[in-house]
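Undergrad: Go ahead and model the full structure; you've got the sequences and the hints to work with.
Going line by line, the protein sequences match chains P and Z.
Per the numbering used here, the first sequence starts with residue 1, numbered consecutively.
Per the numbering used here, the second sequence starts with residue 1001, numbered consecutively.
Rather than coming from a laboratory, the hints here were simulated on the basis of the structure.
Just so you know, not all the hints are guaranteed correct.
Derived list of chain P stretches under chain Z, where covered just means 3 residues or more per stretch with a C-beta under 8 Å from a C-beta of chain Z [said to hold, decoys possible]:
| id | region |
| --- | --- |
| 1 | 61-72 |
| 2 | 117-126 |
Chain Z residues, not near chain P, derived (Cβ > 10 Å throughout) [stated by the list, open to error]:
| id | residue |
| --- | --- |
| 3 | 1069 |
| 4 | 1090 |
| 5 | 1108 |
| 6 | 1211 |
| 7 | 1273 |
| 8 | 1276 |
| 9 | 1452 |
| 10 | 1476 |
The C-beta atom is built at its ideal place from N, Cα and C for all residues, glycine as well.
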Amino acid sequence: MSESRSLLKHQGLWRARDLERIQEVETSKRLSTGFASLDAALSDNGWPRAALIEVLCSTTGIGELRLLAPGLAQLSREETRWIVWVNPPFVPYAPAWQRLGVDLEKVLVIRSDSRRDALWSLEQVLESGSCSAVMAWLNERGLQHSELRRLQIRSRQGRTWTTLFRPRPIAKQPSPAELRLAVDLSDGGGVTVSVLKRRRGWALNDLSIPLSANPIGRSPETLEIDLDESTVERSQEETA
Amino acid sequence: MLWLAVHLSDLGLEQWQRDDPESHGRPAVLVDEQRIVMMNAAAHEARIQIGSRLALAQSLAPDVVFYSRDHSAERNHLQFLASEMHQFSSFVSRSEPDALLLEIQGSLRLFGGVHLLKTLPLQWLRSLGHEACLGVAHTPYAALALAKAQCDVPLPNYPDEGEVVRSVTEHLADVELTHTELEPKDRERLSNMGIFTVGQLVALPRHELGQRFRPAVLEYLAKLTGLQPDPRTPQKPVEQFRSAVHLLEPIKDKTSLELPMRHLATALSAWLEKQDLGVTQMLWDFRPFRGQGCEMPVRFARPRVNAEAILKTAMVALEKADLPDEVMSVALCAADVDALSRGHAVEPDLLGVQGRQAPIGGLFDRLIARLGERALNFLGTEDDHRPERAWSARPVTAPSKQQAPSAAECLFRGPRPLWLLAQPVPVRSAYFEIVSGPERIESGWWEEQHSVRDYYIARHGNGGYCWLYHNEQGWFQHGYFS
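TA: Given below as structure tokens:
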């Protein structure tokens, strides 16, 4: 008992209950997810800026991109580094991303047919250190633990927020990713996020994230009012 | 104009000696038609004389090295030196057989004055095994005469025209006529008349001189003093880079090719630097001893100069190349070059001044080398209201385009999905529940296939939000609100 007491005085050790205090990341450095409940669940108070994370979702189109969008927009505002898409399943639609505040001049899309080339280019991108965020879709067949581990190390070295989109069933497999999120649809139009793995914390289930039900922009009904000159000018200023 | 003349008196001998390490420290002579025409200092010490026979020289110095004169090789070598001299001036002209002329007025600021512009070429020539004499003057002939006479005119670091003319004329007066470009016949006549130096010649009344000598003499004098302009044909820099390394032993594995490739990349980089250019496309050629070779084109996203970057990209491309079993020679050719800052983002300078984007050139080059040019795209918006045309994918090798906020962007009102399907997919409306809409989008009447679409946001049975449209052909899905 006395031994464990003396251990507690040791400088290099900390107790899990002190986590809150340790978690206080400098606000200037944090990359907010844009959702308070998710921020609170993550160890850095936001997305990790230099790590591999996994987003697992059952189908496309349930809001997985809207979950990342505020973070991407913040990065493209703050940094001159690039945002890279590797093998996206569809076309990232430029007008919509621009409206969300992502600077398209810093966006690069890489496509490759073979799994090896995709992994290679992903590693090159991370190694170069000139990309702030990478989103990748890799062929799951034959994806090895060692490859994921490598991506995690490279992400940390290149200070890149790397998001790997993977299918939901993969949740049972272990992964070296620093953060694993499972995204499911909730009834209200938002999503529920389960944190399967996070740094300095246990898994969390069913965080409800309210994504706006009407996903982007205004509804078509407001069209007529928008054509008013002053609004056009204002939106020009906004885009500028 | 300020001219720097470089006189390479022993060019014919030195061009052989520098490739012959055994000759160092030994007397060496150049032989033309059995007579000695040139020799080095060691031969001079052995009391060998110009004009004597080789047999005599061999009896005086048994270890004498001799080379036979080759005028065309000398000319080629002078041409090579002239093109390399572009590192010091943009205007280089040859003065056959053994001198070069550089216009240095334009290079003074860059190199920090006359003194460095005299020492740097000398150092560089010495590294190639050449000893040269320099002359600086306001006319080419005066500079040549001073160089050949080995007469060093003291000049301030940034001389003005008047100063140059004054001190050059002063020093030129004592230069002997043997060092001028006058015809030997005229020189002989002049010396018979008791005129041995430039000063004496210039002092003679022009009119009378013209009556007694050929017009060429007067013309020479006018050009020497600067009364008459003396245009020179500039040596054109080599316009294409092409170089090859022939291997002594065949190379069978790709990693060993790095050494010859590094050699070529360094040469290319040096050439580019001299031309103030960057390479955008290069062609490697790997050839076996006999049979079909393999060509490997490499493209760069931005013009590159750096040897290391060139090599690194080439090594990536090499991994995918299908080489012959044994490579006997490697060749490199700069297929396309571009000025360093023309429509391309320039790499950040030493002060770290950056644009909106982080420098990424090297990464792009490697990706292009392995995946091909079409695998990399920039995204952009287009000024168009039709959803398929409102975005664009631009290859990274294309020069960057200013993206203005488009008018369509301001006008377009409805929600747009984050994912767009490249091709709309026909769907059954029964699976979907309309959330909002419609938004009508019409294609232009000028198009052949005029279409009217009503776009809706709909929720799929599994919960995802989709972008659907309806037209006379039925229901289609065009995107995901992911």
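Undergrad: For which of the previously enumerated hints does the structure constitute a violation, in increasing order of number?
TA: Every hint satisfied by this model.
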